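Chemist: Sequence:
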Amino acid sequence: IDVRALCSACPTSDIAGSINENIPGVRAVAVKQIAETEMGMMEKVSKFLLALAGITLAVGCFGVVNTMLTSVHERIKDIGIMRAVGASRNQIIKIFLYEAIIIGVSGGILGYVVGTLLAYIGGPLIFGGVTVTYVPQYFLPALALATFIAVIATVYPAFRASKIKIADSFRSL
1 IDVRALCSAC PTSDIAGSIN ENIPGVRAVA VKQIAETEMG MMEKVSKFLL
51 ALAGITLAVG CFGVVNTMLT SVHERIKDIG IMRAVGASRN QIIKIFLYEA
101 IIIGVSGGIL GYVVGTLLAY IGGPLIFGGV TVTYVPQYFL PALALATFIA
151 VIATVYPAFR ASKIKIADSF RSL
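Under UniProt numbering, think of the first position of the sequence shown as 1, with each following residue one higher.
Among the hints, erroneous ones may be present.
Claimed, not checked - Cβ-Cβ distance ranges computed for the label pairs, FRET-style: (1) 33 <-> 125: 42 to 50 Å; (2) 55 <-> 160: 23 to 31 Å; (3) 14 <-> 112: 48 to 56 Å; (4) 166 <-> 126: 55 to 63 Å; (5) 133 <-> 14: 34 to 42 Å; (6) 86 <-> 137: 54 to 62 Å; (7) 27 <-> 112: 20 to 28 Å; (8) 101 <-> 59: 18 to 26 Å; (9) 106 <-> 73: 45 to 53 Å; (10) 124 <-> 90: 30 to 38 Å; (11) 86 <-> 106: 40 to 48 Å; (12) 167 <-> 126: 40 to 48 Å; (13) 126 <-> 14: 22 to 30 Å.
Since the hints were made in silico from the structure, they are not lab data.
Computed from a prediction, not measured in an experiment: that's the story for all the values here.
Every residue, glycine too, gets a C-beta built ideally from N, C-alpha and C.
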């Protein structure tokens, strides 16, 4: 039995308790209680997803640092040659930061497209018929965040590349 009352000041918990006491085999619950419980669950899920996103960003950041450090190590000779023909430390840093921008933009676009496709395909499968709404306003912030993370993660490897001594780079030839 569905009993509803349009009253914002009514003691719905008391009414539900009275129904439960007086009618055997019936369980009455105030809709407000259900809504509060569901909102609490949604807040916990939102916090969990935010933490998961933060962990994902940190892992991505470390991945970019690792990739760029490997790139610096593999290009020690090239960096030495550029420095020998007159490239400044700032120019070496700029080379790596421009690469980071390219990595961030391409990774941001690819991640956004793959994430959106997975949400469209996986959302209805996981949540049973729930449709996923595409929000185009998230694209530019996602792209900016991916690029920002890539650039920040490249600062240390770029400075390390700029500190490579010309003599040390030619020893590895």
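Chemist: It remains to establish, for every hint, whether it holds in the given structure.
Modeler: Hint check:
1. 33 <-> 125: 42 to 50 Å: 31 Å, violated
2. 55 <-> 160: 23 to 31 Å: 26 Å, holds
3. 14 <-> 112: 48 to 56 Å: 51 Å, holds
4. 166 <-> 126: 55 to 63 Å: 56 Å, holds
5. 133 <-> 14: 34 to 42 Å: Given about 39 Å between the Cβ atoms, the range holds.
6. 86 <-> 137: 54 to 62 Å: 46 Å, violated
7. 27 <-> 112: 20 to 28 Å: Violated, at about 46 Å.
8. 101 <-> 59: 18 to 26 Å: 20 Å, holds
9. 106 <-> 73: 45 to 53 Å: 22 Å, violated
10. 124 <-> 90: 30 to 38 Å: 51 Å, violated
11. 86 <-> 106: 40 to 48 Å: At roughly 30 Å between Cβ atoms, residue 106 and residue 86 fall outside 40 to 48 Å, so the hint is violated.
12. 167 <-> 126: 40 to 48 Å: At roughly 58 Å between Cβ atoms, residue 126 and residue 167 fall outside 40 to 48 Å, so the hint is violated.
13. 126 <-> 14: 22 to 30 Å: 39 Å, violated
Of the numbered hints given earlier, the model fails hints 1, 6, 7, 9, 10, 11, 12 and 13; all others are met.
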